[in-house]
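S.K.: Here's the letter readout for the chains.
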Amino acid sequence: MKDVSAQEARILRASEGLFFRFGFQRVTTEQIANEAGVSKRTIYAFFPSKMSIVIRSFVSAGREINASIAAMHLDDPAQFERCLRSFLVAVANGSGRFSAPLVFDLTTADPRLGARLLKARTNFLSKRLRMILDKGLQHGAIRKSMNMDATVVVTLMALDCLLHPESRQALKLMAPLPETVVDVLLRGVRPK
Amino acid sequence: MHHIEQTLALSATDIELRDRLTGLSKDFFLKQGYNSSTMDQVAKKARVSKKTLYRLFRNKEAVLRAVIHSIMNEIEDITTPLFTNDTEPFAVRFERLVVQISPQFANLRSLSSMKEMRDVSPNTYEEFEVWRRIRCAVLVGMVTRARDRGEISTVFDLNEMIEIYGALHNACMDYSIAEDQGVPAKDVYVAFSDVFLNGILEQGYSGASKQRHTV
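Chain order of the listed sequences is A and B. FYI, in my numbering the residues of the first sequence are 1 to 192. FYI, in my numbering the residues of the second sequence are 1001 to 1215.
By construction, these hints were calculated from the structure, which means they are not laboratory data. Honestly, I wouldn't trust all of these hints.
[What the hints assert, rightly or not] With the Cβ distance kept under 10 Å, some of the chain B side facing chain A (calculated, not the full set):
#1 1105
#2 1143
#3 1153
#4 1171
#5 1188
#6 1190
#7 1192
#8 1194
#9 1201
Don't be surprised by glycine CBs; every beta carbon is placed ideally from N, CA and C.
In isolation and in its complexed conformation, chain B is listed as follows (with noise of 0.2 Å):
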């Protein structure tokens, strides 16, 4: 939906190659950075003319929409039917999610720097952020809908619980913190979901306090 009116004029095998070169670019953007990477090394890296990459894409911003967007679908064949099936158990699909997109976030935050996102496209950076609000309201409903189901204590309150996982979400996909720490990126994610869900303590241990904190 996001580019229909590049592809209409774009035949099958033009079609095929710009999804060859956005995957490219995206490595060249993930690597040095998207200020450091350029349209020569990507044409060079593809083997195509700089007129065959100019006549799909009009510029070097527009081949970051399309990087952005194609990892924006990534993320949603992965999320989509994990939000909306709901007859399996909200722990098992809450346990995937975070595994299977957090690689993708980690694309997306290094691409970044989201801050260079804001300088370089601000169209592209708007476009984003509203994508990410949406995506996140999807995510409320399947919460609230494990809520209603008792899949979700309802000790806590339904927005202080998003707003926690949001952050410690966004905190899991920083690669750089979790390296320093000589831990893997993806240990960190299923720690990440595991202390999300069950807690660090043990379940009835002799010296846990039967109070609990309410909101």
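Just chain A, with the same shape it has in the complex (with noise of 0.2 Å):
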């Protein structure tokens, strides 16, 4: 059983690896058998389709953001700029997962499960971000005068465009740092 799921995670790292650097129509499931040191069929017996391995790599990362919220003492409010940090951080590394090719692959190939799953990826992380940002606000620890759904957008769309490796190759300069980045999100570049 745990060879099985360890293949299963072998399958799934390969195709994700493949994804970000070639985008999702040009891989094929050779390519990834190759990758992952498996046979076609092995794969075929996890995964029915190529969709099916991306879909499940949303869900790992969803899960792994959900693993992290439910070890975070958010009742504590001497613990919640850890938490919000800590989040952030998770959020900035799960989403290293999918460049921009591949959306750009999901959204052509079928366009209705791809928006939907980007739709559901965004949402996913809204809702938690905002489920803290409500705790913080409640410790008194958020400030009370931001529009709150537009400081969700805000920050979700700064983890994306500076901390995706992507952009992090992007960018001239060199790339700031995830603690940088979530140091101007939580404090703001004006003296204190």
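Given two chains presented individually in distinct reference frames, assemble the corresponding complex, making use of the accompanying hints.
M.R.: Written as structure tokens, this is what we have:
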């Protein structure tokens, strides 16, 4: 049993690497099999289609986020900042799996499903960030004057565009560290 | 400055007409994209003959150039006073900058999309890129001076801060993301400058860690 799930994880990891580099459509099951060191048949035993691998990948990224939230002590005001930080970094790390070619391919390969997947991801993350920020409001840790809906949008965009491996590569100067980005988001650039 | 060779030969009425045609074309490009907009549509909408249209613009690409130039001019009109008037506090100017400039940038974005512009008119694209870099340098100047005056925290590395600003601003220009979430674009711009300047956290709340990441 343990062996089986290790195999599945290997296929998932290999596919994620290939999808990230080449997008969805250009990657073949054969390549995935080679990369993962398993037979094509083994792949089909776990995943009926390439799309199902992508879906699983989205789901597992979501599970990791859920696990990181479950491990937080959100009810403790003293730990709030640490919780928020770890959530933001977890999102940044998780979104690293989805590259621009992959996202583009998904929306062309199966426009409805692709759009639904991406939207589901954004909704999933927004809901959780909103929940954490609301906790912060209760603790008095979040500024009350802020527009929460818009702040959620801005924060998630910041993570996607600043901490995504691709955008970090695209930036001509040295890419900012996740900690720096999170610092700017939490503290702002104005001297206190 | 951009269209000296053309304007020299034009009468005052022609220049006026050219501006009007540029404005109409901009609306078409924004609404239906550059490729699906036609010179016919523009002429019809403006109630001028195609001959007149072609007298003022050599071809559709020339119209695109004129549209891009007009957007660049609008952005400059907004940003130059904000960038250079150091008597006003940085935060005030910054907030105004983000809110006023973002719709213009959103226009440029959807025109594009930049990629389309690069294919259709590489020269215009190149010109736009150079212009963008110059404007960015002016912005960096404003930020640097504000930092020297103590209006911006010195905790962050200046270049990193500019990167973060640039990337965030790019993202916020993208209407589609905001619309998907049912948040009006303007709220997103305001929140962007609010978060960037002031941060999400309430300062001095009981659980705030005193330690801060230093660069």
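S.K.: Run every hint past the structure and note whether it holds.
M.R.: Taking the hints in turn, this is what the structure says about them:
Checking residue 1105/B against chain A: minimum C-beta separation of about 14 Å lies over 10 Å; hint violated. A hinted interface residue such as residue 1143/B counts as satisfied when its beta carbon comes closer than 10 Å to some beta carbon of chain A; here the least separation is about 9 Å, so the hint holds. A least Cβ separation of about 4 Å between residue 1153/B and chain A falls short of the 10 Å threshold, and the interface hint therefore holds. Interface restraint check for residue 1171/B: the shortest CB-CB distance to chain A comes to about 4 Å, inside 10 Å, so the restraint holds.
The interface hint given for residue 1188/B is met, as the beta carbon of that residue sits about 5 Å from the closest beta carbon of chain A, less than 10 Å. Annotation: interface hint on residue 1190/B holds; nearest CB of chain A at approximately 7 Å, less than 10 Å. Nearest Cβ of chain A to the Cβ of residue 1192/B: about 5 Å, under the 10 Å cut. The hint holds. Hint status for residue 1194/B relative to chain A: holds, with the closest Cβ pair at about 6 Å, below 10 Å.
With its C-beta approaching chain A no nearer than about 5 Å, residue 1201/B sits inside the 10 Å limit, and its interface hint holds.
When held up to the earlier numbered hints, the structure conflicts with hint 1 and nothing else.
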